[in-house]
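Those protein sequence lines, which keep their order, are chains A and B.
For the record, in the first sequence the residue sitting at position 294 is 294 according to our numbering, with numbers rising by one throughout.
Start counting at 1 in the second sequence, then tack on 324, and there's your number in our numbering.
What the hints contain is simulated information worked out from the structure, not anything from laboratory work.
One thing to keep in mind: the hints can contain errors.
Stated by the list, open to error - Partner residues aside, some chain A positions facing chain B, computed with beta carbon under 8 Å: (1) Ser20; (2) Pro22; (3) Gly48; (4) Ile132; (5) Ile167; (6) Phe272; (7) Arg273; (8) Ala317; (9) Thr321.
Yeah, the Cβ is synthetic: ideal placement off N, Cα and C, and Gly gets one too.
There are 2 protein chains.
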Amino acid sequence: MINIADIEQAALRLDGVSLSTPLLQNFDLDRVARGRVLIKPENLQVTGSFKIRGAYNRLSQLTNAEMANGVVAWSSGNHAQGVAAAGAMLNIRTTIVMPDDAPKVKIDNTRRLGGEIISYDRYKGDREAIAIEIARERCAELVPSYDHEQIIAGQGTVGLELAEDAIEMGLPPDQVLIPCGGGGLSSGSALALKSRLSNIDIFAVEPLNFDDTARSFETGQRQRISDDVSSICDALQTPMPGEITFGINQLHLKGVLTVTDEEVRAAIRFAFRYLKFVVEPGGAVALAAVLFGKLETAGKTTAIVISGGNIDMDLFAEIQTELD
Amino acid sequence: MINIADIEQAALRLDGVSLSTPLLQNFDLDRVARGRVLIKPENLQVTGSFKIRGAYNRLSQLTNAEMANGVVAWSSGNHAQGVAAAGAMLNIRTTIVMPDDAPKVKIDNTRRLGGEIISYDRYKGDREAIAIEIARERCAELVPSYDHEQIIAGQGTVGLELAEDAIEMGLPPDQVLIPCGGGGLSSGSALALKSRLSNIDIFAVEPLNFDDTARSFETGQRQRISDDVSSICDALQTPMPGEITFGINQLHLKGVLTVTDEEVRAAIRFAFRYLKFVVEPGGAVALAAVLFGKLETAGKTTAIVISGGNIDMDLFAEIQTELD
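Just chain A, with the same shape it has in the complex (with noise of 0.2 Å):
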C-alpha cells in the first residue's frame, strides 16, 4: 500500500533532476474568486504536463536489467511525453501505443524525445492489449498511466510540494481541486496534501461527460461511463476509475466536481488574458470549476493544479476567437 513516504522519496528523485514547479497567485483570479487562490501551473512542468512526474519515478526504480529491455506505454499523449523525456533522461528505450486522433503537439512531442510511436484507432483498437502484447514480445516494463504505485506516488509529488511551498508561503489552502482522468494525480496528491494539512478539504474535477469518479463516488463502486460520449478534454477521456487511484480518492476526497466543455473553453480563454499561461482543455478543469462557482471560494484560500498545457494552436484560436 502506498504511503507518505514513498512520495517523499520520489520527491527527492525529481529533486534531483529539476522537476519541479512554483506556486504562483493572480491579482485577477483572486478578483473573480473574492478569495486567494494559488496556482500549481504543470503545464510549465517539463513536457507541458505532470506525467513525467510519475514516468521518472518509475523508469529510475527499474532495474539495469529492465532498463535495457526497454518500456512500453499507452497513451493519449501526455503520459506519452512524460515517459518519452523519463527514457531519454535515463537512456532507456520507450515505446508508446497512442490514438492516432491525438493532439498533433502531443505526437510531434513524443517522438521528438525519442518514443517510438505505435499508432491505433481510438474507436476500434484495444490500446491496452496491444502495448501488453508488445511488452510481452520485447520482455519490456509496461509504464500504466494512473493505477500503479510508483506512478502515483510520482505525480502525488505535486500536492507535496503545493502543500510545503503553501505553508512556507503562509498560505495553508483552505480547498485544493485537481484535475482528474484515470485518478493518479488526484489520489498521490490528495495522499500527501492530507500529510502536511490534515483539515484540507480535496476535490477531484472532471469534464461532465467523463464524471467517472463522481458516478463512483454516489455509488461507493468504480463506475464505468458508456463509450459514445466526447470530450473536449482529451487528456481526461477515461472511462473509469483506477482500482489503487479510487480506494486512495475515497479516502481522502471530499467531493468531486464537474465542469461542462463551454465553461472549460471560457477558462482557457481566461488563461491566455489573465494568467498570461497556455493551458489545454484538460489542465483547465480545476480553473473552469473556480471561475464558475462550482464550490464557494469567497473569503478563502483555494488552491488549484492546472495539470497540462498541451493544446493544438487551432483549436487554442478558436476557443479564444469566440466570446465570452
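Assemble chain B onto chain A, guided by the hints.
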C-alpha cells in the same frame, strides 16, 4: 544618484504586496541554447508586465497631499496598466495618456483597473505635452515611464530577484539579456545584478528598428532614431534612451543586441509551444536573441527577462499560424 540601496528598499515595498515572480527553467530552451537558460517571467506579473514595479515604487512614496491630487502618466500600454494597478492598490486617482492604436488588451485592462484614459493620435499628438498639461491643470504628479530614479529602482527589483534566486539555486548566470525601450528595466536591473554578481555580462536587447540604445552606445551620445520606422514591439518603441537610464547602462552594460520582427514572431511561437507562455512582442526580444544565436550560449548559464505578455488574440493567432 540611484544606488543599490534604493533598489533594495523598493524590493521591500514590493514584497509587502506580493509583487515578485519566480525564476524558471525549460529543458527545450536549454536544448536550443546548448546551455542553461534561466527565465524571469514578468509576463506572469500583476498587469502582465514588470511595469507595476516602478509604478508602485513611485506611487507608494508620494506624500498624502500628492496622493490626494492623483497622478498622470503617458504610456503605450504596459506602464499605463502598472500605474492604474498601483493607483488602485494605493487608492490614488490615475490618468493615463495612451495612443489610440495601443493593443486593445492594454487599453481594456487600464480602464478595468480604474485608470482614466486620454487618447491621442500616435502620429500627430505629443503625449508628453498632453500629460504635462493635464498634470499642471490638476496639480497632479507625473509618473514618467522610465527616466526617473524611483521608477528605475522599482524596475531594478527584477534584476535583484533574478540575481538572488539564481544564487540560491546555485546557478549564478554568466550573462543576462534584458529587453530595452527607454532603459528603465535594463538600467535598474543592471545596477542590481552587478551588485550581486560582479563578473556578470549584461546585454540590453532592442528591436532592430528601435535600436536607439545600440546607436547611442556606438557614439557614446544619446541618439534619436528617425520617425518613419515601425516595429511589432509596441512596448519598445522609444525613439531615444533616457538621460538617467543611458548613463547607468553605459556604466554597466557589456553591449546591446538587436532582433528583427521575424525573430520576435518566432520567439512568440516558441513560447507558446514549449514554455506554455503568452508573450507579447516587446517581451520576447531577449528570448529571440537566445533562439537566434545573437550571442554565445553553449555551455554557459544565460538569464533572460520576459518583460510582458499583453498581446491581442488576433495578432497572437496570426503569428502562431506562420511556419517556422
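> For this structure, which hints from the list above don't hold up?
Replying inline: 1, 4, 5
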